[in-house]
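Going by the numbering used here, 302 is the number at position 302 of the sequence shown; the sequence numbering is gapless.
Since the hints were derived computationally from the structure, they do not count as laboratory data. Just to be clear, a hint being listed does not mean it is correct.
Computed beta-carbon distance windows for the label pairs [unchecked claim]:
(1) Ala381 <-> Val74: 37 to 43 Å
(2) Ala381 <-> Leu290: 44 to 50 Å
(3) Ala359 <-> Leu290: 45 to 51 Å
(4) Pro361 <-> Asp89: 24 to 30 Å
(5) Ala359 <-> Arg47: 43 to 49 Å
(6) Ser40 <-> Ala381: 31 to 37 Å
(7) Pro203 <-> Pro361: 36 to 42 Å
A virtual CB, placed ideally from N, CA and C, is assigned to each residue, including glycine.
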Amino acid sequence: MSPRDVVLLGSTGSIGTQAIEVVTANPGRFRVVGLSAGGSDVDLLARQALELGVAVVAVARADAAEPLRDALVVAAAGARLPHVVAGPDAATEVAAMDCDVVLNGITGSVGLAPTLAALAAGSTLALANKESLVVGGRLVTDAAAPGQIVPVDSEHSAIAQALRGGSTGEVRRLVVTASGGPFRGYAREQMAGVTPEQAGAHPTWDMGPVITINSATLVNKGLEVIEAHLLFDVPLERIDVVVHPQSVVHSMVEFTDGSTLAQASPPDMRLPIALGLQWPHRLPRAGYGLDLTAAQSWTFEPLDEEAFPAVALCRAAATAGGSATAVLNAANEEAVGAFRDGRLSFTGIVDLVSEVVAARPADEGGPTLEAVLAAERWARAAARERVAARERVAATSGGQG
Numbered sequence: 001m002s003p004r005d006v007v008l009l010g011s012t013g014s015i016g017t018q019a020i021e022v023v024t025a026n027p028g029r030f031r032v033v034g035l036s037a038g039g040s041d042v043d044l045l046a047r048q049a050l051e052l053g054v055a056v057v058a059v060a061r062a063d064a065a066e067p068l069r070d071a072l073v074v075a076a077a078g079a080r081l082p083h084v085v086a087g088p089d090a091a092t093e094v095a096a097m098d099c100d101v102v103l104n105g106i107t108g109s110v111g112l113a114p115t116l117a118a119l120a121a122g123s124t125l126a127l128a129n130k131e132s133l134v135v136g137g138r139l140v141t142d143a144a145a146p147g148q149i150v151p152v153d154s155e156h157s158a159i160a161q162a163l164r165g166g167s168t169g170e171v172r173r174l175v176v177t178a179s180g181g182p183f184r185g186y187a188r189e190q191m192a193g194v195t196p197e198q199a200g201a202h203p204t205w206d207m208g209p210v211i212t213i214n215s216a217t218l219v220n221k222g223l224e225v226i227e228a229h230l231l232f233d234v235p236l237e238r239i240d241v242v243v244h245p246q247s248v249v250h251s252m253v254e255f256t257d258g259s260t261l262a263q264a265s266p267p268d269m270r271l272p273i274a275l276g277l278q279w280p281h282r283l284p285r286a287g288y289g290l291d292l293t294a295a296q297s298w299t300f301e302p303l304d305e306e307a308f309p310a311v312a313l314c315r316a317a318a319t320a321g322g323s324a325t326a327v328l329n330a331a332n333e334e335a336v337g338a339f340r341d342g343r344l345s346f347t348g349i350v351d352l353v354s355e356v357v358a359a360r361p362a363d364e365g366g367p368t369l370e371a372v373l374a375a376e377r378w379a380r381a382a383a384r385e386r387v388a389a390r391e392r393v394a395a396t397s398g399g400q401g
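Whole structure, please, built from the sequences with the hints as guidance.
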């Protein structure tokens, strides 16, 4: 079997670095032909490019191009240098390369254009960038051929695996599991004063900072409900969220006869990454299995939607349709940034997103990439304005928004 040619987007992030671990642990199965990253760690990107022998390396920050080239020269020791592409469209250019699989591990809605480029090129899209699907919605699903998108999020990978156990018409509901994050069991008022450091301490997963905070607010789980709805064409009202603190059962599918199939494994992203790269086949020894001979307990509990209103907010945005989910995601990205900068309280994140979604202007015309991007720009501006307004109020009252 010839190796699969792979493009890795977001190679210096959590998903990207773990994907490289999978690739290097399986010589002969994969050949990485292109990499992309934001540009915050050009030394790591240069080492990755040279160690993998890629033809093209992309960096989103134009001002990182020269430092990247310098880092490549220093690390190359005479080896052939890859071609460097730089700028906001660099990842999109690499995503359109001729390859078998594009793994989109970019964080945020900036992954939308690369997602569309990979689909247009006919590559299998191993999708870890849920935001591009949430924001793009039907733009993405309509651009994809049947089976072209393979989910890499652990929850959606679990659902895809469980769905092999029955036909589409036999599915009663999807059950998406949530760890509950670091504030599971907290009342809403207990979370008002939490810090970015506390919100960044996830109890079971090691993820990037933005996704970790999204997991703490449970916005991430709401986005996953939208993603499951779009990926598997299951109505929102038949997708449930349950809290499972151990993060061992990654999600479940309940069938019409009452049977429920669950996918269980330790909380290790290398397993769904490997499955995404090798789909529909499993990669031997991609991760370590469960030790079911040791005493342990798996628990499940209902989601406290009063303390964590993010999932209900995401459902409402998806039900509204149009640009609502693009507005929701963009506003959340701005709100998380403000929280990390100390300009917004933790509970203020979802409050702010709710306000921006409620204020969004009516859609004009059908869904297009231009319309999605315009909705995002409006949402970001609206969120920034509201953060600034909260700061003005806090300055006069001595509190935080």
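Checked hints:
no.: 1; hint: Ala381 <-> Val74: 37 to 43 Å; verdict: 41 Å, holds
no.: 2; hint: Ala381 <-> Leu290: 44 to 50 Å; verdict: 47 Å, holds
no.: 3; hint: Ala359 <-> Leu290: 45 to 51 Å; verdict: 47 Å, holds
no.: 4; hint: Pro361 <-> Asp89: 24 to 30 Å; verdict: 27 Å, holds
no.: 5; hint: Ala359 <-> Arg47: 43 to 49 Å; verdict: 46 Å, holds
no.: 6; hint: Ser40 <-> Ala381: 31 to 37 Å; verdict: 25 Å, violated
no.: 7; hint: Pro203 <-> Pro361: 36 to 42 Å; verdict: 39 Å, holds
In summary, the one numbered hint that this structure violates is 6.
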